[in-house]
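2 protein chains.
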Amino acid sequence: MINVAILGFGTVGSGVAEVLTTNGALIDQRVGDKIRLKYIVDIRDFPDSPYRDLFEKDFSVVEADPEVDVVVETIGGCKIALEFTTRALKAGKSVVTSNKELVATHGYELLQLAKEHGCNYLFEASVGGGIPVLRPMSNCLASNQIEEVTGILNGTTNYILTRMIQAGLSFDQALKEAQANGYAEQDPTADVDGHDACRKTCILAALAFGQQIYPEQVPTQGIRNVTLEDVAYADSCGYKIKLLGRCMQTQEGKVCAFTAPHLVEGKNPLAGVEDVFNAIAIHGNAVGDVMFYGPGAGKLPTASAVVADIIDLAKDPNRDRRNAWGPGAADLVVSPDGLTSRWYVRAQMSMERARAAFQDLQPLARSGAPVGEVAFLTGAMTEPELRQRLQDVKTGSVLRVLA
Amino acid sequence: MINVAILGFGTVGSGVAEVLTTNGALIDQRVGDKIRLKYIVDIRDFPDSPYRDLFEKDFSVVEADPEVDVVVETIGGCKIALEFTTRALKAGKSVVTSNKELVATHGYELLQLAKEHGCNYLFEASVGGGIPVLRPMSNCLASNQIEEVTGILNGTTNYILTRMIQAGLSFDQALKEAQANGYAEQDPTADVDGHDACRKTCILAALAFGQQIYPEQVPTQGIRNVTLEDVAYADSCGYKIKLLGRCMQTQEGKVCAFTAPHLVEGKNPLAGVEDVFNAIAIHGNAVGDVMFYGPGAGKLPTASAVVADIIDLAKDPNRDRRNAWGPGAADLVVSPDGLTSRWYVRAQMSMERARAAFQDLQPLARSGAPVGEVAFLTGAMTEPELRQRLQDVKTGSVLRVLA
Chain A
99 MINVAILGFG TVGSGVAEVL TTNGALIDQR VGDKIRLKYI VDIRDFPDSP YRDLFEKDFS
159 VVEADPEVDV VVETIGGCKI ALEFTTRALK AGKSVVTSNK ELVATHGYEL LQLAKEHGCN
219 YLFEASVGGG IPVLRPMSNC LASNQIEEVT GILNGTTNYI LTRMIQAGLS FDQALKEAQA
279 NGYAEQDPTA DVDGHDACRK TCILAALAFG QQIYPEQVPT QGIRNVTLED VAYADSCGYK
339 IKLLGRCMQT QEGKVCAFTA PHLVEGKNPL AGVEDVFNAI AIHGNAVGDV MFYGPGAGKL
399 PTASAVVADI IDLAKDPNRD RRNAWGPGAA DLVVSPDGLT SRWYVRAQMS MERARAAFQD
459 LQPLARSGAP VGEVAFLTGA MTEPELRQRL QDVKTGSVLR VLA
Chain B
99 MINVAILGFG TVGSGVAEVL TTNGALIDQR VGDKIRLKYI VDIRDFPDSP YRDLFEKDFS
159 VVEADPEVDV VVETIGGCKI ALEFTTRALK AGKSVVTSNK ELVATHGYEL LQLAKEHGCN
219 YLFEASVGGG IPVLRPMSNC LASNQIEEVT GILNGTTNYI LTRMIQAGLS FDQALKEAQA
279 NGYAEQDPTA DVDGHDACRK TCILAALAFG QQIYPEQVPT QGIRNVTLED VAYADSCGYK
339 IKLLGRCMQT QEGKVCAFTA PHLVEGKNPL AGVEDVFNAI AIHGNAVGDV MFYGPGAGKL
399 PTASAVVADI IDLAKDPNRD RRNAWGPGAA DLVVSPDGLT SRWYVRAQMS MERARAAFQD
459 LQPLARSGAP VGEVAFLTGA MTEPELRQRL QDVKTGSVLR VLA
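Quick note, the sequences are listed as chains A and B, same order.
For the first sequence, counting from 1, position 11 maps to 109 in the numbering used here; every step adds exactly one.
For the second sequence, counting from 1, position 132 maps to 230 in the numbering used here; every step adds exactly one.
Worth flagging that the hints you see were computed from the coordinates, not collected in a lab.
Treat each hint with caution, since some may be false.
Unchecked claim - Pairs of lysine-lysine residues, derived as BS3-like cross-links and limited to a Cα-Cα distance of at most 27 angstroms, are as follows:
id	chain 1	residue 1	chain 2	residue 2
1	A	K413	B	K274
2	B	K132	A	K132
3	B	K274	A	K365
4	A	K132	B	K177
5	A	K413	A	K177
6	B	K177	B	K136
7	B	K132	A	K352
8	A	K136	A	K188
9	B	K155	B	K188
10	B	K136	B	K213
11	A	K213	B	K132
12	A	K274	B	K413
13	B	K213	B	K188
14	A	K365	A	K413
15	A	K136	A	K413
16	A	K365	B	K352
17	A	K213	B	K397
18	B	K413	A	K413
19	A	K413	B	K213
20	B	K413	A	K397
21	A	K132	A	K213
22	A	K397	A	K365
23	B	K492	A	K188
24	B	K132	B	K365
25	B	K365	A	K365
Said to hold, decoys possible - Quick look at which bits of chain B chain A covers, simulated, 3 or more residues with Cβ under 8 angstroms:
id	stretch
26	154-163
27	329-342
28	385-394
29	407-415
Stated by the list, open to error - Stretches of chain A that chain B covers, calculated by requiring three or more beta carbons in the stretch to come under 8 angstroms of a beta carbon on chain B:
id	stretch
30	323-329
31	341-348
The beta carbon of each residue, even a glycine, is placed where N, CA and C say it ideally should be.
Make a model of the complete structure from these sequences and hints.
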């Protein structure tokens, strides 16, 4: 018998209880043992819940119960979640989580703590929701040197961009619609300003390259400034605008990681990822390009990944999963300033002046463009070189083009 | 030290040696032990190979060497490969393979044999080449009841269909081009008639539903009869023609599995899978739809998956991977005759007669269609019902539409 305690009965936590119940017989058969949900820790009351007998307000009860093998942390954030995770690991209980903020910020220390106490800290659900991606990258691509990871990592922003592209809604209109449909929070900052995608980029980078990458080391730009004009220009040349989290290893063994909206060519499989779906493309030196696609959020998809981690633990409770990484370092992460790419520019200038500044450019057109507005794709160059050529120019949008 | 022997130094076998060499330092670090390639068994001579000192013509030497932990079978087919795999497993050596024919035909008995002898039989590379799909399905989706698997499983046929769609080549022209580019064998039967996709469908079905499914139980149709006319009609209504391997669980607990060309709607992510790429879409009752995409064949991609299996074994040599399934049964697999779907029909008949036979139809048009040719999409019905309505009609093509 494997006993599980869920901490936090919100969307994901209640989804975990539901999956453990609905698929319980199947799961027990696959594990060859019974998985029992023993506690749900939440300070709120749920008198009508079918799980009402399992609720417990005091985490100390779970912490002190030697029967509890696995703690599911679906509280979120870095306060109580950090405290309870630390205490659970110190008590020798493995912890499974969907909390990307905690993993991105305290992953190294929590993985070390798990190792010291002979238990595991697993977080498949923290990136890509229900999409299997972290374990496949660590295990199925273990024969590869991972060279680059590129992901559509946030469903809210991908929904907003999809609606702008397909329905011609403005950013504000699309955000309102996303909020009305429950795809965006009332305070949408973490999503639309790219912080959520940034955290997931940190986790992917840490697993791909073996060292902790902190969110504050990753330059992050959201989608607030993407306009319908940009969407129209991108469309005119066969591109879609997507918010990407990217990380890659440099030739010097450093890591370049950043989050920003990009122009993605129509034939790239990432361009076809619509609505709230996510996708993560990984380039390995043996396999080439692979991509993992699916629902990046949502109650049951996220619970699917959490419960898969529970099953993994239940099958071999004492096996060291070795999904650890080394400590971070201030000089590990380098700025994307050194990364050359083509660029999309929308600006107030004449095409003559643009051509003088960028010999090699591809002019773009849209119907209804006001006099004085130009837009074009440049040749490959770094961002500092681009900014220098645009000195004294009033730019509307400057976006990187994914190679 | 983990000692490996490769059986068969063809495309995949030599790729395995190359990946073990190129990424050796990284792999040893990930494993925490040294993986050594000790033998390459092949009846041919390779006097100029950098591995020339490792060649061995007699498998008995490998079989009798207690140092050999892992045998890589990249011979292919069901003769020598079956004999050597059986002998290796009986000697307690785990076997890793990319041989879909052997797994689809003898998977159950070989998995049983591995279990009896305390070793493992792993075959991630047998489906989807370098794409991580079997282990993610078994592990990361273990919390789900898998309801349906749909895959573009053969790179050769996908290349041919892509060239027909994009360049307007006929099937024969596209096949010749594929052969010239090394994407198709001189005898292309296994690919173009769907046998290769059928074997992979069997393996996916066995893992998804837990029982051996034999190739002869899976109705299989290739792409030889797909014409440019069909491609044009499909394009006119926003569909692509793709060869799909499909399997699903029926409400009665049976398995419906088949391989056939389908019309796939443009917005389905499978429609965007082009050239020699493969993709496998899985529907689970918790996660919903996920898709795995990447190179479905090729020397290094396939070797990537083989070596990942070796690494998995090297990390925990004695762990039971539990990727077993139960025995097959004659009454386990049901015909797709019971499966309703929309259909694409191209036939010699009048549109009036078509409308009389199918009240609910969507007529299709193409430029240059000869008098008397009609094409249309039907409403949802089973194939027997469709055939009955088409009695006495001279049909050119009848293809299922993927829902």
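Cross-check of the supplied hints:
no.	hint	in the structure
1	A:K413 to B:K274	violated, 50 angstroms
2	B:K132 to A:K132	violated, 37 angstroms
3	B:K274 to A:K365	holds, 25 angstroms
4	A:K132 to B:K177	violated, 42 angstroms
5	A:K413 to A:K177	violated, 31 angstroms
6	B:K177 to B:K136	holds, 24 angstroms
7	B:K132 to A:K352	holds, 26 angstroms
8	A:K136 to A:K188	holds, 20 angstroms
9	B:K155 to B:K188	holds, 20 angstroms
10	B:K136 to B:K213	holds, 25 angstroms
11	A:K213 to B:K132	holds, 23 angstroms
12	A:K274 to B:K413	violated, 50 angstroms
13	B:K213 to B:K188	holds, 10 angstroms
14	A:K365 to A:K413	violated, 41 angstroms
15	A:K136 to A:K413	holds, 18 angstroms
16	A:K365 to B:K352	violated, 38 angstroms
17	A:K213 to B:K397	violated, 37 angstroms
18	B:K413 to A:K413	holds, 16 angstroms
19	A:K413 to B:K213	holds, 16 angstroms
20	B:K413 to A:K397	violated, 34 angstroms
21	A:K132 to A:K213	holds, 25 angstroms
22	A:K397 to A:K365	violated, 31 angstroms
23	B:K492 to A:K188	violated, 74 angstroms
24	B:K132 to B:K365	violated, 47 angstroms
25	B:K365 to A:K365	holds, 13 angstroms
26	154-163	violated (count 0)
27	329-342	violated (count 0)
28	385-394	holds (count 9)
29	407-415	holds (count 5)
30	323-329	violated (count 0)
31	341-348	violated (count 0)
Checked against the numbered hints given earlier, the structure breaks hints 1, 2, 4, 5, 12, 14, 16, 17, 20, 22, 23, 24, 26, 27, 30, 31 and satisfies all the rest.
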